[in-house]
Amino acid sequence: MSSSALFATALLLPLGWLGVYALLLLAQVRVREAFPVVGLKAVVGILFLIYGWLALAGESIALALPRWLWIPRVYEFPLELSFTPALGAAGLAMLLIVAVLVKYSETYLHKELGFHRFFFLFGVFVGAFPLVVFADNIDVLFVGWELIGLTSVLLIGFYEHRPRPAVHSWWAMSTYRFCDVGLLAGTAIAHYAAHTSNITLLNRPAELALAHPEHAGWLGALALLIFFASLGKAAQLPFTSWIARAMEGPTPSSALYYGALSVGLGPILLLKFQPLLLHFPWMQALIIGVGASSALYAYLVSKTRSDAKGILAYSAVFEVSLMVVEVGLGLHDWVIFHFVANAFLRVFQFLRSMNAIHDFYENPLFFRGAPHHPAPWLVRRLPRALQRRLYHRAMNGFGLDWFWLNVVVRPWLAMWRNLNSLENALALGERRRERAPITEEDA
Amino acid sequence: MTWGYSRDNLEFLLPWAVLTGLCLFLYRRRGEKICLLLPPAMAAAVAVLKVWLHTRDVQDGVGPFFLLILSLLHLVIAMVLDARATSFASKAAGLAGLVLNGFAYFTDNLFVFSLFWVLSVIPMLAIFRGGHVHARRVFLAHHLLSLAALGGALGLLQWIAPGFSDVTQVRSLPQGPPTLAVALLLLVACLIRQAMFPFHLWFKAAYKTRPFPLSLGFYAGNLGFILFSKLALPLLTREASDLFPYAMACGVFSALYFANMSLVQSRLRSTVFYVMLSQYAMLYCGLESLTEFGRTGVLFQFLTVGCCFTGLLAILYLLEWQVGELRSGRFHGLQAANPQLSIVFLLFALAGMALPATMGFAGEDMIFHAVIERHPVVGLGLIIAAAINGISLFRVVCFLFRGKREDVLDPAVDLTRWQKAALGMILAVLFFFGLYPSWLVQQVHTYV
Numbered sequence: 011m012s013s014s015a016l017f018a019t020a021l022l023l024p025l026g027w028l029g030v031y032a033l034l035l036l037a038q039v040r041v042r043e044a045f046p047v048v049g050l051k052a053v054v055g056i057l058f059l060i061y062g063w064l065a066l067a068g069e070s071i072a073l074a075l076p077r078w079l080w081i082p083r084v085y086e087f088p089l090e091l092s093f094t095p096a097l098g099a100a101g102l103a104m105l106l107i108v109a110v111l112v113k114y115s116e117t118y119l120h121k122e123l124g125f126h127r128f129f130f131l132f133g134v135f136v137g138a139f140p141l142v143v144f145a146d147n148i149d150v151l152f153v154g155w156e157l158i159g160l161t162s163v164l165l166i167g168f169y170e171h172r173p174r175p176a177v178h179s180w181w182a183m184s185t186y187r188f189c190d191v192g193l194l195a196g197t198a199i200a201h202y203a204a205h206t207s208n209i210t211l212l213n214r215p216a217e218l219a220l221a222h223p224e225h226a227g228w229l230g231a232l233a234l235l236i237f238f239a240s241l242g243k244a245a246q247l248p249f250t251s252w253i254a255r256a257m258e259g260p261t262p263s264s265a266l267y268y269g270a271l272s273v274g275l276g277p278i279l280l281l282k283f284q285p286l287l288l289h290f291p292w293m294q295a296l297i298i299g300v301g302a303s304s305a306l307y308a309y310l311v312s313k314t315r316s317d318a319k320g321i322l323a324y325s326a327v328f329e330v331s332l333m334v335v336e337v338g339l340g341l342h343d344w345v346i347f348h349f350v351a352n353a354f355l356r357v358f359q360f361l362r363s364m365n366a367i368h369d370f371y372e373n374p375l376f377f378r379g380a381p382h383h384p385a386p387w388l389v390r391r392l393p394r395a396l397q398r399r400l401y402h403r404a405m406n407g408f409g410l411d412w413f414w415l416n417v418v419v420r421p422w423l424a425m426w427r428n429l430n431s432l433e434n435a436l437a438l439g440e441r442r443r444e445r446a447p448i449t450e451e452d453a
Numbered sequence: 002m003t004w005g006y007s008r009d010n011l012e013f014l015l016p017w018a019v020l021t022g023l024c025l026f027l028y029r030r031r032g033e034k035i036c037l038l039l040p041p042a043m044a045a046a047v048a049v050l051k052v053w054l055h056t057r058d059v060q061d062g063v064g065p066f067f068l069l070i071l072s073l074l075h076l077v078i079a080m081v082l083d084a085r086a087t088s089f090a091s092k093a094a095g096l097a098g099l100v101l102n103g104f105a106y107f108t109d110n111l112f113v114f115s116l117f118w119v120l121s122v123i124p125m126l127a128i129f130r131g132g133h134v135h136a137r138r139v140f141l142a143h144h145l146l147s148l149a150a151l152g153g154a155l156g157l158l159q160w161i162a163p164g165f166s167d168v169t170q171v172r173s174l175p176q177g178p179p180t181l182a183v184a185l186l187l188l189v190a191c192l193i194r195q196a197m198f199p200f201h202l203w204f205k206a207a208y209k210t211r212p213f214p215l216s217l218g219f220y221a222g223n224l225g226f227i228l229f230s231k232l233a234l235p236l237l238t239r240e241a242s243d244l245f246p247y248a249m250a251c252g253v254f255s256a257l258y259f260a261n262m263s264l265v266q267s268r269l270r271s272t273v274f275y276v277m278l279s280q281y282a283m284l285y286c287g288l289e290s291l292t293e294f295g296r297t298g299v300l301f302q303f304l305t306v307g308c309c310f311t312g313l314l315a316i317l318y319l320l321e322w323q324v325g326e327l328r329s330g331r332f333h334g335l336q337a338a339n340p341q342l343s344i345v346f347l348l349f350a351l352a353g354m355a356l357p358a359t360m361g362f363a364g365e366d367m368i369f370h371a372v373i374e375r376h377p378v379v380g381l382g383l384i385i386a387a388a389i390n391g392i393s394l395f396r397v398v399c400f401l402f403r404g405k406r407e408d409v410l411d412p413a414v415d416l417t418r419w420q421k422a423a424l425g426m427i428l429a430v431l432f433f434f435g436l437y438p439s440w441l442v443q444q445v446h447t448y449v
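Chains as they are written, first to last, in this note's numbering: chain A, 11 to 453; chain B, 2 to 449.
No lab work stands behind these hints: they were computed from the structure.
Positions of the beta carbon are idealized from the N, C-alpha and C atoms, including for glycine.
Please note that a few of the clues may not be correct.
[As the list claims (entries may be wrong)] Where chain A lies over chain B, by a calculated footprint (3+ residues, C-beta under 8 Å):
1) 142-156
2) 166-178
3) 197-209
4) 333-339
5) 364-371
6) 390-397
7) 431-444
Bound-form chain A, shown alone (with noise of 0.2 Å):
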């Protein structure tokens, strides 16, 4: 069998599973838990072995499956992916930290109402990642963007029965859909004025530029959302706030997703258009801003929360902060590296939080006693009142979540509400005004 063909399975396989456990579960067969726990464990196996093969075979690999949407001569949507060593090595990653996580989880949701749900969306977070990580289309990436989106907000508000689940679930998918404007935009923009949605060409500014001399313009707008799409998904600053209200799903997605894998896509969505954004210095600027003032935010807010999750959470930004300062700097495998260390260690930490207490009080392997955590050196050279001040903003979020709610959401809301009495008015003659509950207070 080919590289090709091998690549193409890898990707098709997941699918396939999932279809047929889709089936099950809709045709309402008893299905068991050892179905999803030993399938998926079968499909990271097999993956693991091709993605091994392929990246020690040392190629890389471009795939080009059959036109998914086409009408002939007039419109194309080309399903394009290339396979590198170097991000066969994040694909290996997410493999293995899947299987831990399958494993944990099998304990963890035992009994569980949700456990086929659960594992139902680990199964296509299983299929979207290579998508993201190997598209070598903006088309493509899009798809792989989208569903590990959705099966993230559905694993935030995984306990249905509680109403705050339900609040964050909605919260990040408003970040999200945001967000995901800059990456569908920046598709069609893509099409618009390069006529091409191949990232490999795309990654070609000046050649672009000097082929389509009437839309060189739309470059500089195709980076900025670019960049825009990755802040959603890296909680980069000013949308930081979701992550730490995305810690209400099951301990094992809040590992998966937000301290290891999909919280690193932003970066990893950066590196993948590396050569278009730093193609504009301004940019370069952009995303090493932004980058620095999201790291020390992040740092300086987990220092101050007293949940374990919390703190992984922020420290998670923190790290893929760095990971986007990097890209901004012009690294490229060191962001790699640093996606799947970063990505190793959170796991490990996310999995140990729920015995942080047992830890530091009896577990002889870890410190005794409650853990101290000094201010940081420079922070301790500021004066006390000045200290106490940058506290008490740090414990807030420093307002990030009042500025989206009152200076943005509520406003907005309010001049909506208001158009629709007066719609109200004007359609059926009624004078009270309605309100629609928007934060997790109303709700």
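Once you've looked at the hints, dock chain B against the given chain A.
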């Protein structure tokens, strides 16, 4: 007219056969009145014959194509809604709407079209009988305005080209300001009928005050769509192509307006209706892009929107009938008692959000590309509207199925076997052609 059989028409035979079988089944097993089931079957059969006997071009094809979709969806609604959930009068009004619209779809005579345009308003008006006076006035005012615009256009047409009645001969009309005025009047009539901004208040009055028949939501506006694609668009293209950016701006404004409105609705049904209107506004933008794949995307997306919102609204009606009015002030926690319903609703909502692997993704992709190719800023507006629509639909899912319900529901309140079959059929179409859209897209493209 070309008599003969074409392999390309096979796709019309299969749904018709399925439809007839389903009608018979519903009559025998569910005790539905035969008079409610025959019209969709007849309409679908006529649509099949019409397409089979005629050469396919956009003038002949679009009407039967729409009618077939609407017939299928109507039947699914009939299967999903429990016989007790909707009154006979409401169903009958829906069916009358289907039949009268159907005649309008088939005719190329402008006067016959206008006659059925007028007649099809009557069933809608009938549901206001004895109801909300203010809402009825709003409804009437809008439709009278629409009729005035259509009548004005017809009068002007007779002045420009005495005896003109064949829609297919639209390109033979003389050029000049009067023809432009005709085009603009037709545009206004279409916008009112399709409930586009700022002429959407009649739609709100209808669904908020009366047990608005589900299917009417689709029939009501589609004549506007047909008139737009058959007459107003060719005229506008010829007379005032400079006006298209403004027309597209109106479309994108409608899409954004309805999307934002959907966020602040206190009744979940209203949210879904607004999202539906926003999706229809996107279709206008796609048509106005004047590209081949843009129009293909519009027809494809028309099918998708019809399927998605049939499912979403049918389930909402079913739930409202069972548990009362569903508002967004609280989490209804229906997941525990209605697990299958929640999954089916979620899948429809995902298709409505144009998630990859659903038909909506392919349709929206083509529309966005087409619009951005002509006017990038308008395209960006559409993408933002689509994002907000997704947030609204997810909000509906959260409020309906998440949380804990205080009163205990009968666990039997879930989908019956036949409701599952009907909704499953639409879902299968949405996801199958979402995973492999090429075949259907190419079929739809033959109409463009």
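Verification of the hints:
{"no.": "1", "hint": "142-156", "verdict": "violated (count 0)"}
{"no.": "2", "hint": "166-178", "verdict": "violated (count 0)"}
{"no.": "3", "hint": "197-209", "verdict": "holds (count 5)"}
{"no.": "4", "hint": "333-339", "verdict": "holds (count 3)"}
{"no.": "5", "hint": "364-371", "verdict": "holds (count 4)"}
{"no.": "6", "hint": "390-397", "verdict": "holds (count 4)"}
{"no.": "7", "hint": "431-444", "verdict": "holds (count 5)"}
This entry does not satisfy hints 1 and 2, going by the numbered hints stated previously.
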